[in-house]
Amino acid sequence: MKFLFSKKNNKVTDSAKTGQSGIANFCEVYAVSETGPVRNHNEDSIGFSFLENDKKNLIAVVADGMGGHNAGEVASKMACDLLLDYCVENWKQYAPETLLHKAFMKAHQEIIETGNSNSEQKGMGTTATAVIIKQDVCYIGHIGDSRAYLLRNSNLKQLSRDHTLVNQMFESGEITEQERDQHPMKNVLLQALGTTPTIEPQISADGWAIQKGDRLFLCSDGVYDALSVEDIKDLLLMKQPEFVLECLSTTATSRNVSDNFSALLIDISTGMQSIPSVTKEQNII
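The UniProt record's numbering puts the first residue of the sequence shown at 1, with every later residue one more than the last.
Hints listed in this document are in silico derivations from the structure and should not be mistaken for laboratory results. Just to be clear, a hint being listed does not mean it is correct.
Lysine to any residue pairs mimicking SDA-like chemistry, simulated, CA-CA at most 20 Å apart [to be verified]:
1) K92 - E52
2) K106 - I199
3) K186 - N256
4) K56 - E97
5) K233 - I203
I would like the entire structure built from these sequences, with the hints used as guidance.
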């Protein structure tokens with residue numbers, strides 16, 4: 001399909017080279033988080049961090065918060081901060097899959113405690129989809145309905161499983177894929193950080209090796225509400241990664257997407273680290 005693009009109003013800029021030799025020499029990262037044309041504030045958050053300088057290590061997170069009185073924004077930012085901080089602080093202590101599980105459980109508990117201590121934030125929660133890359137091996141941690149995709153050899157695969165009522169109905173054979181995607185209750189979550197006493201996040205049991213040319217794509221549900229899976233695939237097939245999120249942003253806005261939309265693109269083996277662009281409406285940590 002054709003995507004809208006405007007050089008006059010770029011929301012996602014080209015990546016910037018760092019002055020330190022060897023930092024993130026295995027990938028570029030691009031990030032965007034937009035309020036969108038309908039909502040009046042942004043409850044999504046994004047964060048990423050490179051670890052141990054010259055080694056091939058990265059953690060990245062997308063979170064989509066929920067709750068009144070801006071509590072969703074608080075919850076999503078807490079999730080990104082807590083997941084990143086815990087993983088950075090305990091990077092050498094645990095294997096990546098254990099690290100992700102512990103980080104998710106800690107974030108869940110702290111979001112609950114914060115909500116319980118403030119009546120305006122009580123019951124707040126957030127999705128969270130995280131990727132760890134450690135020495136060329138990738139691991140996924142996930143809860144809720146944000147998503148992680150992998151584009152490899154022109155094939156797009158969803159790595160995360162939507163923790164929603166209608167996806168459970170689809171997996172049990174009660175409804176078709178088309179019915180799932182168009183269901184009026186498609187955004188009803190079965191679990192998220194902070195919303196239930198216990199959680200069972202999806203954590204990679206074993207990592208898988210990244211390959212040159214891979215593209216990892218994390219996004220909130222606002223992205224796939226505005227763009228079909230085929231649209232997302234077409235976007236990720238664009239040769240210049242710096243244009244992918246610009247086209248996503250412009251296209252989602254032109255389609256009058258009703259939700260916030262956020263995405264993080266990890267382009268493997270392209271040679272330099274990126275920093276997020278500074279746009280007027282984003283929650284990038």
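Evaluated hints:
{"no.": "1", "hint": "K92 - E52", "verdict": "holds, 10 Å"}
{"no.": "2", "hint": "K106 - I199", "verdict": "holds, 11 Å"}
{"no.": "3", "hint": "K186 - N256", "verdict": "holds, 19 Å"}
{"no.": "4", "hint": "K56 - E97", "verdict": "holds, 17 Å"}
{"no.": "5", "hint": "K233 - I203", "verdict": "violated, 24 Å"}
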